Amino acid sequence: MPRLGYSYAFLDPGAKRELRRSLLKAVALPGYQVAYASREMPIARGWGTGGLQVTLALVGPEDVVKVMDQGDDASVNAANLRRFIARMAGVKTSTDTAQATLIQSRHRIPEEILGPEQILVLQVPYPEPLARLEPSFAKARELHADAEYGLVWLSLYEDLVRYRTATHGADYPVLVNGRYLMAPSPIPRWDNPKLHRAQHLTLFSAGREKRLYAVPPFTEVRPVEFEDVPFEVEDQRGWADWQTGVRHKFMTELPLPDGGSRHELSDRDYARKRAAHLPTQPTYFDEEGGFYQPGYLAPRTPPERLERLLQGEP
Amino acid sequence: MTTPFLAPHEAQDQAVFRALLRAMSRPGQGYRLAPSGEAALKAIGQALLDLETRFYTPDPGLRARLSQLGARAVGPGEADYLFFTELGEPAWADLEQAPIGSLLHPEEGATVVALSGPAPEAVLRLAGPGLPAPTLFESGLPARFWALRNQRVRFPLGWDVLLLEASGLCRAVPRSTLVEVT
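So the protein lines, in turn, are chains A and B. Be aware that the first sequence starts at 1, since it is given in the numbering used here, and climbs by one per residue. Be aware that the second sequence starts at 1001, since it is given in the numbering used here, and climbs by one per residue.
Just to be clear, a hint being listed does not mean it is correct.
Unchecked claim - Which bits of chain A does chain B cover? Going by a derived footprint, with three or more residues having C-beta under 8 Å, they are:
id, segment
1, 20-29
2, 77-90
3, 134-145
4, 211-219
Hints were generated in silico from the structure; no laboratory data involved. None of the values given here were measured: they were computed from a predicted structure. Where a beta carbon is used, it is the ideal one built from N, C-alpha and C, also for glycine.
Could you put the whole structure together from the sequences, leaning on the hints where they help?
Rendered as structure tokens:
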């Protein structure tokens, strides 16, 4: 006896069609934020309703769904979303990145390279990359229309002058397809390069802000950077996972009672496979920390060189 | 735990949408829609149209069928979706009017859905998002169509094209794609 009183995948057919129309336009306009209706969901706005609605608009009986939160499949939020999707769409779920056809994630892209048939759905809290610099959304829309992004480079320059580093930790803005400035959602800078010319489709959705956008496969995604001071990912070169000894993957720092700290792989499914010596897929960053697309990440700027550049020396 | 019922028409809408999403993500590549020919036009209509949308088609039979979905039949200049069972002389004038969106709202640019002929009529070189490298693509639509498309597309403005082949394959050429008629 099927469950009565709910539509398949929870959303009514009209809501799904609206999301689907918006998603197709988003793919045709890489990096552009498409407004959508954002229905009421049985979880509060700000808890992944945007990602959830996109997943529900996509999902079909053949899918295998993975949901993770900061790299962890076991967080309360991820577990609840996964259970809800499975209950409403009758799909298989998996925590294994390689098995999943649809991956909904909050704040991380998996370490293993996603395949061309996989779709990544990222939950977005703040879709507008200009919000820190231009509080009016109407004005920000005009800036996007004119591709007028000078403010962003100016703010990066001011960061370098004041703090000798970019102050964007996560959610570091990127330019998509050479046209639209985009907030990649609060993924660490470590994950930004993974969007560049990726094999897979990435969809972004902000339920509270009612916007969704996309990065199609094989699309240019460039961080905001200067020619002489290139973008840098988090410097975790000296860190190793305390359980497996794995290095050069994104780590979480765990404080210890004695005031010290240890490091743990953030992608828990990848950590599980490594700990159990199970086979893993190739990763975006190899065992020596090299990115899989050589040449995309420039060498880091030594502090002395940055100092000289800021003094106006060549 | 039981799951809500998946009605056959909803299952088809979901499958059609996933094929369209794949096609849009990979310009020029063919993805199978379960129905083919004119039935595929209707299936796309059913998957995407409802009372929130406006459409145009010069084909009276198709217009009647799509109107049943609640979508409003309008002129080509106001339509979100334009459906063509054949592209000939009268279609060019319609396409010239098809909305291309505005810089503030480029998503208001239309989607053009057309049945493509069985024989290749134009060889195109496609490049841009979704394509690992520039690729050649034999299109069953005439070179005139692509010339008009290139004239109307100024990224992010323009319309997105869905081609339906008699074999049941659907291919997309979104406005982000650079099309060179060779």
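So which of the earlier hints does this model not fit? The structure conflicts with no hint, since it agrees with every one listed earlier.
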